[in-house]
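Colleague: Protein chains in written order, with my numbering: chain A, 1 to 134; chain B, 1 to 134; chain C, 1 to 134.
Please keep in mind that the hints were generated in silico from the structure rather than gathered at the bench. Bear in mind the structure is a predicted one, so any value in this text is a computation, not a measurement. Misleading hints may appear alongside valid ones.
Because identical chains cannot be distinguished in the list, a pair is counted as satisfied if it fits within a single copy or across any two copies.
[Said to hold, decoys possible] Straight line, CA to CA, 27 Å or less: simulated DSS-like cross-link-like pairs of lysine-lysine:
1. 83 with 104
2. 123 with 84
3. 83 with 123
4. 104 with 123
5. 33 with 104
6. 123 with 33
7. 104 with 38
8. 33 with 84
9. 123 with 24
10. 84 with 24
11. 38 with 84
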Amino acid sequence: MPHLVVLYTNNLETQSDMSALCRKLADAMLTVKDEASKQVFPTGGTRVLAFPAAHFAVADGQRDYAFVYLNLRMGRGRSDDVKKKAGEALRAVALEHFTDLLAKRYIGITVQVDEGQEAFDAKLSSIHPLFNRN
Amino acid sequence: MPHLVVLYTNNLETQSDMSALCRKLADAMLTVKDEASKQVFPTGGTRVLAFPAAHFAVADGQRDYAFVYLNLRMGRGRSDDVKKKAGEALRAVALEHFTDLLAKRYIGITVQVDEGQEAFDAKLSSIHPLFNRN
Amino acid sequence: MPHLVVLYTNNLETQSDMSALCRKLADAMLTVKDEASKQVFPTGGTRVLAFPAAHFAVADGQRDYAFVYLNLRMGRGRSDDVKKKAGEALRAVALEHFTDLLAKRYIGITVQVDEGQEAFDAKLSSIHPLFNRN
Chain A
1 MPHLVVLYTN NLETQSDMSA LCRKLADAML TVKDEASKQV FPTGGTRVLA FPAAHFAVAD
61 GQRDYAFVYL NLRMGRGRSD DVKKKAGEAL RAVALEHFTD LLAKRYIGIT VQVDEGQEAF
121 DAKLSSIHPL FNRN
Chain B
1 MPHLVVLYTN NLETQSDMSA LCRKLADAML TVKDEASKQV FPTGGTRVLA FPAAHFAVAD
61 GQRDYAFVYL NLRMGRGRSD DVKKKAGEAL RAVALEHFTD LLAKRYIGIT VQVDEGQEAF
121 DAKLSSIHPL FNRN
Chain C
1 MPHLVVLYTN NLETQSDMSA LCRKLADAML TVKDEASKQV FPTGGTRVLA FPAAHFAVAD
61 GQRDYAFVYL NLRMGRGRSD DVKKKAGEAL RAVALEHFTD LLAKRYIGIT VQVDEGQEAF
121 DAKLSSIHPL FNRN
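Work out the full structure: start from the sequences and follow the hints.
Modeller: In structure tokens, the structure reads:
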């Protein structure tokens, strides 16, 4: 159920390996542990999806700005501490991945973690059985 | 105001007819009735938008996994029962549409229904008048 | 932190200049003032991202319908009045931008403003320093 959506200005498409970023973010999610040292995000339910914006406007539009938005939607009921750990894990990946670009160009990166408030939630999966429901 | 957003890994683009899926999902939304047997989603306000992710990472990345996320945002004030009926209608379409792929490949499908909490809501439409505001 | 996401049916791609729309929306956001006449959305943190849907279904599917969804996510703690002013500013831009299309074709446009409820929020930016943290 956890998923991370990455929205970004498409002027980054040739400047940053976004597939590699997705993989690093997913790997980071898989390392997050809760208070009982249990994996927070089930392996079979962890997914990162990235979407370049075909059109965009950033700030005053006077320079070649770029922007990346990382939004993680977690299942309900986790502690504030776990949400913070998840956010910090994503932030650390983003900082590592974009360090060079942050120094070389105008770019803004935002990481936000939301707790889902869904009124209905259903899953169909041929992936979960691979991972013993963890 | 209701809308359904479908986010999916682009390895499905040639394996599944996503335009057909959108139509089936919209048709299913139009059949949902409330406690008074009234159509829940106004015809002129029903829309399904699907976006393939240009980049993605799923689970441990060791196999060719696919993922589809269906997220319905409903107007406020509907009963839990109506939200559940809407979710079940979408789930049934997804199950029918992806039955073959669920058997043939690794794929995860999640259906979530959210109740919008918007602080502002405005509409401009040349579609609604066609449907007598139903 | 504020950002505006525009989701639209891709039958509009050749009928409407969506890059121009993004710029006009960002400019409108930058004009919104709070009760103390202070700019609500920091220049360096204002971004509009637009995504054409590769697949879609609208209403009964019997005509060539189009749809545009504008969703602004604001930071927490603003007054209802400020949220409404922000929504009205976006609605005014949408109305101006789509007036011709509203008269010429079937199109629905929805503007919604949400208040973010994020459990975690972090920023990395080489844009903000340009604007003195306003």
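Colleague: 27 Å Cα cut-off: does residue 83 pair with residue 104 within a copy, between copies, both or neither?
Modeller: Classified as neither; 31 Å inside a copy, 35 Å across copies.
Colleague: With identical chains treated as interchangeable, where does the CA-CA distance between residue 104 and residue 38 reach 27 Å or less: within a copy, between copies, both, or neither?
Modeller: This pair counts as neither: shortest intra-copy Cα distance 39 Å, inter-copy 31 Å.
Colleague: Please sort residue 84 with residue 24 into within, between, both or neither, judging by C-alpha distance up to 27 Å.
Modeller: For residue 84 and residue 24, the Cα distance is within 27 Å only inside one copy (18 Å; across copies 35 Å).
Colleague: Can you tell me if residue 33 and residue 84 fall within 27 Å by alpha carbon in one copy, between copies, both or neither?
Modeller: For residue 33 and residue 84, only the intra-copy Cα distance (11 Å) is at most 27 Å; the inter-copy one is 32 Å.
Colleague: How would you classify residue 123 and residue 24 at a CA-CA limit of 27 Å: within, between, both, or neither?
Modeller: Answer is both; intra-copy 25 Å and inter-copy 18 Å each pass.
Colleague: If the cutoff is 27 Å on CA atoms, where do residue 38 and residue 84 land: within, between, both or neither? Let me know, please.
Modeller: within (16 Å within a copy, 31 Å between copies)
Colleague: Reference check for the pair residue 33 and residue 104, CA-CA at most 27 Å: within, between, both, or neither?
Modeller: neither (34 Å within a copy, 32 Å between copies)
Colleague: Treating 27 Å as the Cα threshold, decide for residue 123 and residue 84: within, between, both or neither.
Modeller: Both. Shortest intra-copy (26 Å) and inter-copy (14 Å) distances satisfy the 27 Å Cα cut-off.
Colleague: Treating 27 Å as the Cα threshold, decide for residue 104 and residue 123: within, between, both or neither.
Modeller: between (42 Å within a copy, 17 Å between copies)
Colleague: Please sort residue 123 with residue 33 into within, between, both or neither, judging by C-alpha distance up to 27 Å.
Modeller: both (23 Å within a copy, 23 Å between copies)
Colleague: Indicate which option fits the pair residue 83, residue 123 if close means a Cα-Cα distance not exceeding 27 Å: within, between, both or neither.
Modeller: both (22 Å within a copy, 16 Å between copies)
In this structure, the earlier hints numbered 1, 5, 7 are contradicted, and the remaining ones agree with it.
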